[in-house]
Every structure is written in structure tokens, then in C-alpha cells.
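S.K.: Which chain is which? The protein sequence lines are B and D, in order.
Per the numbering used here, the first sequence starts with residue 1, numbered consecutively.
Per the numbering used here, the second sequence starts with residue 1, numbered consecutively.
Worth flagging that the hints you see were computed from the coordinates, not collected in a lab.
Some hints could be false.
One side only, chain D facing chain B, incomplete, derived with CB under 10 angstroms [to be verified]: (1) 64; (2) 70; (3) 74.
The following label-pair restraints were derived from C-beta to C-beta distances [unchecked claim]: (4) D:26 with B:108: 44 to 54 angstroms; (5) D:187 with B:70: 46 to 56 angstroms; (6) D:211 with B:59: 12 to 22 angstroms; (7) B:70 with D:185: 40 to 50 angstroms; (8) D:79 with B:71: 42 to 52 angstroms; (9) D:107 with B:17: 16 to 26 angstroms.
Below, computed lysine to aspartate or glutamate pairings styled on DMTMM-like, alpha-carbon distance capped at 20 angstroms [to be verified]: (10) D:136 with D:175; (11) D:247 with D:175; (12) D:34 with D:147; (13) D:159 with B:87; (14) D:113 with D:242; (15) D:113 with B:96; (16) B:20 with D:67; (17) D:171 with D:141; (18) B:74 with B:64; (19) D:171 with D:146; (20) B:3 with B:117; (21) D:113 with B:64.
Note that beta-carbon positions come from the ideal geometry of N, C-alpha and C, so glycine has one too.
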Amino acid sequence: MAKRRILIVEDSQLVIDAFKVLFADAGYDVDTATTVAQAIRHAADRRPDVMLLDLSLPDGHGLEVVEALRERGKLPRATIAMTGYGDAQARQGCLEAGCADVLVKPVPIAELLRQIERHLA
Amino acid sequence: MSMIDRLDPAALQKRVRALESQAKEAQRTIDELKARDSLKTQFLSNISHDLRTPLAAIITHAEILREGMLGELTQKQRDSVSGIVNGGQQLLDMVDEILTYVRSASDQVNLVKTEFDITEVVDQVRVLNQALAAKKHLTIERLNGDDLPMVYADRDKVKHVLGNLIGNAIKFTGDGGRIWISFSRRGKNGSELLVEVGDTGRGIAPDHYELVFREFAQVDASPSRPHHGTGLGLAIARKLVELHSGKIWVESELGKGSRFFFTLPLNPIRD
Chain B
1 MAKRRILIVE DSQLVIDAFK VLFADAGYDV DTATTVAQAI RHAADRRPDV
51 MLLDLSLPDG HGLEVVEALR ERGKLPRATI AMTGYGDAQA RQGCLEAGCA
101 DVLVKPVPIA ELLRQIERHL A
Chain D
1 MSMIDRLDPA ALQKRVRALE SQAKEAQRTI DELKARDSLK TQFLSNISHD
51 LRTPLAAIIT HAEILREGML GELTQKQRDS VSGIVNGGQQ LLDMVDEILT
101 YVRSASDQVN LVKTEFDITE VVDQVRVLNQ ALAAKKHLTI ERLNGDDLPM
151 VYADRDKVKH VLGNLIGNAI KFTGDGGRIW ISFSRRGKNG SELLVEVGDT
201 GRGIAPDHYE LVFREFAQVD ASPSRPHHGT GLGLAIARKL VELHSGKIWV
251 ESELGKGSRF FFTLPLNPIR D
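Let the hints inform the model, and build the full structure from the sequences given.
M.R.: Right under this line is the structure:
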């Protein structure tokens, strides 16, 4: 089976580093992006299977990435949103925008890996 | 005899001018304090948010280690890494408590109301606190509520209030004590739900009934106090109850225990 590709969209290098360790070890090809613009570019060019998407990015809201990719027909198979703060309204907005799931940071890693496997199955 | 009694117009006018100027001065001070308070709130909000990010990274790294993803750990190593995860998580809970407080204090909280069964929420909070209570051999019981109508409120916020009240009861109740939750209806046609969270803990002196709901207030604020925390739990509970147009208060007797009460409207007009 081909290696799965994940795009991590997150503006904190500290958090990116942690996820890189996690997903590289779990056998994924890891791409990263730190802004909305970069995320759209990387997702469109490299077509990841799954995108892990932080909602607050320096140049806009994470869901703008989802909208732009949908318009181009280039959405990954699963997008999992991450928020810094559990909020029923934000959660609803993400699910309506087409995210497979919304997790509160710090995302429990076992749960995260399970969710991704489930959405890619 | 005072100047006013003599009704000397010149003196009166002078007095009025002085008062006006004092009032203006007071208003300036109020405005300045308000501006500073809002700056402080903004600062708390920013700093809490900024603290969360590196903390999240620390916890994730530690979890990766603990799960053995970078190689198997010995039991001692795993215990030590678990300590990092648990300590980080506790710190994160406190940061979140500050964020919740700042948001509720600056009216940044939007209620998302739905109809739900409050006894389910109480039972969830009981389960969440079971381990903590067991350490002190405390029992947490729900005494009634099986026949209650649905509540129309923000489920997460009500859960937060119950979590803070029950967490508080666990903190201040000695080994082997009891904590209970009960419900009753009051108001016109039973339109209000009264929720009680009671405990057999150390109790609160009447002078402190108000103080405990004040932000950052702890009855024992000394650095050597036995109970640490942000001192925001009950202040947040009050804000969240008030956002639902409810009331919250405590009745207590020192050495016997405390009973915290809050009200929620039942079947309120939908908004």
C-alpha cells in the first residue's frame, strides 16, 4: 500500500514539530503549511489523503482553506479541524463546512490516529 | 452655621462649581479604571491563548513518548513521562479556566441552547469526578430528578457549572464525606428548576458567602493554603448561571457543610 500523505496546517512550529514526530513514526508522508495561502497551495499540488487543520491561522480562518479546496474540487478525503478551545458553535461550523471531525488541542494522539484511520477506511 | 444655610449665592455657586469639578474628576478616574480593566482582560485572554500552544506541544511530545511510539520505555520512564502529561494537563485546565472566565466576563460567550435532560449531564459529571472522589473516599449521589422536564439551556455551560460546583465540593470535603445533587421546582407553576449541590465539608462562614463567588477570591489566599487553583471556579459558575438569567448562592454552616444552589428556567420563552 502506498504511503499515506498528511498535510498539517498549523501556525505554531512547536506543534508542527510534535505532529511531525507522531505521523512520521506512524508511517505517513508529512507536509506542513503555516498559513491559509500555503495550505491551499500545498493541498492542491500534493493532494494529501488527510488534512489536519488549525482554525486560527495568521492570514485567516482555517475553514477558508476548506472552501477554496472545495471550489477547486481538491478536498482531501478527510479534513480534521483542531481548535484551541472547545466551543459548540465553532464545532458546528466545522462540521457544516465539511470537516470529518473537530478536536480540541492538545489532541490526544491515540484518539487522533484512530479518527484518521476511521475516516480513511 | 454652614455656607449653604446662609444661602449666600456667590458661595453656593462656588460650592456647585467645586462639586462639578469633583464629579468630572471622578468620572475621569472611572473611565481610566475601566480602560485599564479592559486592557488587563485583553492581556489575560492573549496570554492564556499563547500559553496554550507550547503547552499543547509539550503534552503531545510527552504522549508520543509515553505511548512508546519512539521505542519502548521502562516502567519508571513511563511513570515519569506520565507525570509530564498529567502536570501539563493540570496546567492546561487552569489556563482554560482563565480563558473561560475572561470570555464570560467580557460577554464573549454565546449561549447555544438546546433541550436536554439535566440528570444525564449530572451523571456524566459524577462519572468524570469519580476517580478524584474515590481518592478521598467521598460519595457523589444524585438524590432525585428522574421525573424532571427537559431543560432548555446551553448544555456545555450547565455541565461546566456542575463540574465546578462538584469539583469545589470534592476539594473542600474531608475523607469519607458525602456530596449530593438534588433538584426541586419553584416559582410560578414550577417554572424554575432549583439545583442543589451539597456537601458535608468544612463549610463557609456567613461573611464569606459573597466572597466565594468573586473572581480570584479564595477564603484562604495565603501561599501556604492547602487548596490551590485559579480561584475562578465559582466566579465562572456565577457568570454562566447569570447568562441563563438564573441565580446562584450558597447556604452553609462552618464545620457541617455547604449547599450551593442555582436556578435555571424550565420551558422558557425560546429566543
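S.K.: With reference to the structure, classify each hint as holding or not holding.
M.R.: To see whether the hints hold, each was checked on the structure:
1. 64: 5 angstroms, holds
2. 70: 7 angstroms, holds
3. 74: This hint is violated: residue 74 of chain D lies away from chain B, its Cβ roughly 19 angstroms from the closest one there, beyond 10 angstroms.
4. D:26 with B:108: 44 to 54 angstroms: Cβ of residue 26 of chain D to Cβ of residue 108 of chain B: about 52 angstroms, so the range 44 to 54 angstroms holds.
5. D:187 with B:70: 46 to 56 angstroms: With Cβ atoms ~49 angstroms apart, the hint holds.
6. D:211 with B:59: 12 to 22 angstroms: The hinted range 12 to 22 angstroms is violated for residue 211 of chain D and residue 59 of chain B, with Cβ atoms some 46 angstroms apart.
7. B:70 with D:185: 40 to 50 angstroms: Hint holds: Cβ distance 49 angstroms, inside 40 to 50 angstroms.
8. D:79 with B:71: 42 to 52 angstroms: Holds: the Cβ-Cβ distance is about 50 angstroms, inside 42 to 52 angstroms.
9. D:107 with B:17: 16 to 26 angstroms: Given range 16 to 26 angstroms: violated, Cβ gap about 37 angstroms.
10. D:136 with D:175: 5 angstroms, holds
11. D:247 with D:175: Not OK: residue 247 of chain D and residue 175 of chain D at ~30 angstroms, beyond 20 angstroms, violated.
12. D:34 with D:147: 47 angstroms, violated
13. D:159 with B:87: Satisfied, since the Cα-Cα distance of roughly 13 angstroms is no more than 20 angstroms.
14. D:113 with D:242: The hint holds at about 14 angstroms.
15. D:113 with B:96: Distance ~18 angstroms between residue 113 of chain D and residue 96 of chain B Cα, so the pair holds.
16. B:20 with D:67: 16 angstroms, holds
17. D:171 with D:141: 16 angstroms, holds
18. B:74 with B:64: 13 angstroms, holds
19. D:171 with D:146: Violated, at roughly 28 angstroms.
20. B:3 with B:117: Holds, at about 13 angstroms.
21. D:113 with B:64: Outside the cut-off at roughly 27 angstroms; violated.
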